Amino acid sequence: MSMADQKPTQSFNLGMLIYDTRYRAMTIQVVALILFMLGAAWLVNNAAQNLAALGKPLSFDFLSQPAGYDINQKLIEYTSQDSHGRAALVGLLNTLLVAFLGCVLATFLGVIIGVLRLSKNWLISRLMTVYIESFRNVPVLLWIVFAMAIFIESFPAPRAFRGDNATASMVLNDSVAFTNRGVYIPKLVFDNGSMIVVLVFLASLVGIWLFGRWSRKRQEATGEILPNFWIKLGIFFVPAIAAQLVMGSPISLAYPELKGFNFTGGLHLRNSLIALWLALSLYTAAFIAEAVRAGIMAISKGQTEAAAALGLRSNRIMQLVILPQALRVIIPPLISQYLNLTKNSSLAIAVGYMDITGTLGGITLNQTGREMESVMLLMLIYLAISLAISTVMNIYNNSVSLKER
Amino acid sequence: MKNLSYVRTEMLPEQAPPVGETGIIKWMRENLFSGWMNSILTILGLVAVYFILLETLPWALDSTWNAGSLNECRENAPGACWAVINERFPQLVFGFYPNGTDGDPDQRWRIIVAFVLLLVAVAPVLFDKLPRKMILFSAIYPFFGYWLLWGGTIWGPLTAIAGFAIAYIVYRVLAPMAGNLVAVIASILTPIVWWLFLAGPIAGALGDVAPIGLMAIPSSKFGGLALSVIIGVAGIALSFPIGVLLALGRQSNLFIIKTLSVAYIEFIRGVPLITLLFVASVLLNYFLPPGTNFDIILRVVIMVTLFSAAYMAEVIRGGLAALPRGQYEAADALGLDYWKANRLIIMPQALKIAIPGIVGTFIGLFKDTTLVSIIGLMDPLALTNAIRADQDWNGIVWELYLFVALMFWVFTFFMSRYSMYLERKLQTGH
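These protein sequences, in sequence, are chains S and R.
Each residue of the first sequence is one higher than the last, beginning at 1 in our numbering.
Each residue of the second sequence is one higher than the last, beginning at 406 in our numbering.
Just so you know, these hints were derived from the structure itself, not from any lab.
Mixed in with the good hints, there may be bad ones.
Claimed, not checked - Using C-beta positions, here's what the derived DEER-type ranges look like:
no.: 1; chain 1: S; residue 1: 171; chain 2: R; residue 2: 464; range: 16 to 24 Å
no.: 2; chain 1: S; residue 1: 220; chain 2: R; residue 2: 738; range: 27 to 35 Å
no.: 3; chain 1: S; residue 1: 69; chain 2: R; residue 2: 457; range: 39 to 47 Å
no.: 4; chain 1: S; residue 1: 311; chain 2: R; residue 2: 444; range: 25 to 33 Å
no.: 5; chain 1: R; residue 1: 731; chain 2: S; residue 2: 20; range: 42 to 50 Å
no.: 6; chain 1: S; residue 1: 68; chain 2: R; residue 2: 525; range: 16 to 24 Å
no.: 7; chain 1: R; residue 1: 819; chain 2: S; residue 2: 171; range: 38 to 46 Å
no.: 8; chain 1: R; residue 1: 735; chain 2: S; residue 2: 231; range: 53 to 61 Å
no.: 9; chain 1: R; residue 1: 573; chain 2: S; residue 2: 69; range: 42 to 50 Å
no.: 10; chain 1: S; residue 1: 20; chain 2: R; residue 2: 738; range: 18 to 26 Å
no.: 11; chain 1: R; residue 1: 728; chain 2: S; residue 2: 231; range: 23 to 31 Å
no.: 12; chain 1: S; residue 1: 176; chain 2: R; residue 2: 442; range: 43 to 51 Å
Every value quoted in this text rests on a predicted model; they were computed, and no experiment measured them.
Heads up, the beta-carbon is just placed ideally off N, CA and C, and yes, glycines get one too.
Go ahead and model the full structure; you've got the sequences and the hints to work with.
Next comes the structure, spelled out in structure tokens:
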């Protein structure tokens, strides 16, 4: 008779819940669950009691009441007569706008700075180190208010542009004005027929993608490499410009002009948006640069040497050998930097940029006195944004990660 | 026959290397101008540095340190007005802590003493060459530091410490008699009873008998760098153990524990700190029994701690995941139980791997203390606004921001240097 056939002789007793490893795991979990439920029930009960005592039971009705405040920066139609819910939506779009712009610029700067920090050029690598250390070691909120101060304090007021002996002047052939109220840039004006130009442009984007596929196939079949970059650049610009000329320039630029005490006509980029955007990008770029540097350094030198031994040029070594491998190391920290940037965009409140924290968590909260609902909604929205970003980036990460069998 | 072969019989004198291959020229050729691309970068870099210095150096140097107001500054020097730092330095560091001007005696020595003692308390944690006995001081420092900063009767902190002593005594007495488990449960419950029901009256009674205490300072007086350091240090000290527990919870194979940990970590990491600070400033009282009202700094510290514990947990989880499975199996093979295995084998190695991330989280936490200015606490950043609101200094911007940036930079820079030192010290590879 083997040992395994023997039934445990000892019958169950209560002490085994604690001293027998077969049951202990269950005991611990049940105790933890009960404690957690008790704690949660205590908190919810307190909150219910307190809210009832104040006479404001949990309700989201305030979202449909008129907001009564203006939002200066908006991507969709909004007036002060619209509801708090719509104000929150305007704020949400503003958050997404600055987060998107910030992620793009931060990635662009971060990659360049990260690569340059590894450069053999003594001066450049030192400069990049100084940049990274100074941006990483100072709070982002300070950078945001600092950027805002630069705009407000050191740019001229619009009236400085007036008169015969104006103290300030527009730059880039009188098309861009930097003022302390914001930056005025030319605006695109779409006349009749501009639809066709836009369609041609979109078609050329598809064309670039198709060309890329065709060129890769051709290279795999014949081994010849076309000057891909220049051809793609051509497809990007030539058809759209040709269409624009053929249609008689339906898309034109409206330049900002000084009318009275302010600029009109162009596109007005508000200080708060630009300051927030630049500060967040420059700050996050320092972190991304470190991630990029770590990613490149994680690829062993043998890879570069092997690629060189195969006769690849240095830019193709970077493009075909180093970067695809470094990306695997870079992407995960990059995801968390994007998340950080998005969450840090909530500091917009410090410069008066009306993002979701400024609308729902700021003015709406103060006006309606619905702290509980507003803050809970605010947290849920940020949670949803974060989860969305990390899901998308994780899908991308899976597509570049090492395929193991 | 004449030997025609040419054999050199004497050495030629050594020649100096070509000019381009020595000294500074060689260095410049290799490091600055090794190709056309590098040359362009170097020149661009030099031009950028030149313009930045051209804009800032005259401003920074052509400045004055002695003036009573911005106007006076402008009369003395066209550049920076460092006089504001000179005059407001105490405020930027101590906030509105009583400084002897408004009737109360100067109390700022308490912050200085607390900070110096903080260094003493932290030293044995940071440097393991110091005598181990010093850890005892680190253990009582939180109570002592609290008493120094907020003041009030000394019996409050002392009775709080007494709770821990009671727990220890209960455990030592009960463990041989009633078994380990009962002793642990009793040693958790007795101090809670002590703190909730007995500590207050006893402290009050002792206070009547022997009124030893410092002037009580309300939280509204705290500000400046001192406030940032208080929140930062408290957050760091509290978030680390919670982070370790959360990381273990997430790696655990107990389903419910794991689910709770993951939910907590992902929730906290998904929301910005500012929303949690909103919770601290407007919501936390809703979740507590009616009538409870506790200190704003304490509420902020709780929220900052909960926030950074989630990040800490992820960093430590990285360290746990990087540890080879063999280490866990070896610990099991030695017959160690879960806590012993973690304490003696797993954690020392996992934490070592996670040092850069841990210190990074600490640095992030310290920088994030500036966010408290948004909910109305007077950290250095909020003080810059307060100073600007004074009509003497109305219009001063750069000097204050630069100084605040420098204060944070110094702290965070030394933290990252310490992390590098620790990595080198714990390096066991070759």
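Consistency of beta-carbon spacing, residue 231 (chain S) to residue 728 (chain R), with hint 23 to 31 Å: violated (50 Å)
Residue 20 (chain S) versus residue 738 (chain R) beta-carbon gap, inside 18 to 26 Å or not: holds (21 Å)
Status of the given 43 to 51 Å range, CB of residue 442 (chain R) versus CB of residue 176 (chain S): For residue 176 (chain S) and residue 442 (chain R) the Cβ distance comes to about 30 Å; the hint is violated.
Cβ distance range 16 to 24 Å for residue 68 (chain S) and residue 525 (chain R), holds or violated: At roughly 56 Å between Cβ atoms, residue 525 (chain R) and residue 68 (chain S) fall outside 16 to 24 Å, so the hint is violated.
Verdict for residue 171 (chain S), residue 464 (chain R) (Cβ pair) under range 16 to 24 Å: Check passed, 23 Å falls within 16 to 24 Å.
Residue 457 (chain R) and residue 69 (chain S) - C-beta distance against the hinted 39 to 47 Å: Between residue 69 (chain S) and residue 457 (chain R), where Cβ atoms are some 41 Å apart, the hint holds.
27 to 35 Å as the expected CB spacing between residue 738 (chain R) and residue 220 (chain S), which holds or is violated: violated (52 Å)
Beta-carbon spacing of residue 731 (chain R) to residue 20 (chain S) - inside the hinted bounds 42 to 50 Å or not: Given about 28 Å between the Cβ atoms, the range is violated.
Residue 819 (chain R) versus residue 171 (chain S) beta-carbon gap, inside 38 to 46 Å or not: holds (42 Å)
CB-CB spacing for residue 231 (chain S) and residue 735 (chain R) relative to the 53 to 61 Å hint: For residue 231 (chain S) against residue 735 (chain R), whose Cβ atoms are near 59 Å apart, the range 53 to 61 Å holds.
Assessment of proposed distance window 25 to 33 Å (beta carbons of residue 311 (chain S), residue 444 (chain R)): holds (26 Å)
CB-CB spacing for residue 69 (chain S) and residue 573 (chain R) relative to the 42 to 50 Å hint: 58 Å Cβ-Cβ, so the 42 to 50 Å window is violated.
When the structure is compared with the earlier hints, violations turn up for hints 2, 5, 6, 9, 11 and 12 and for no others.
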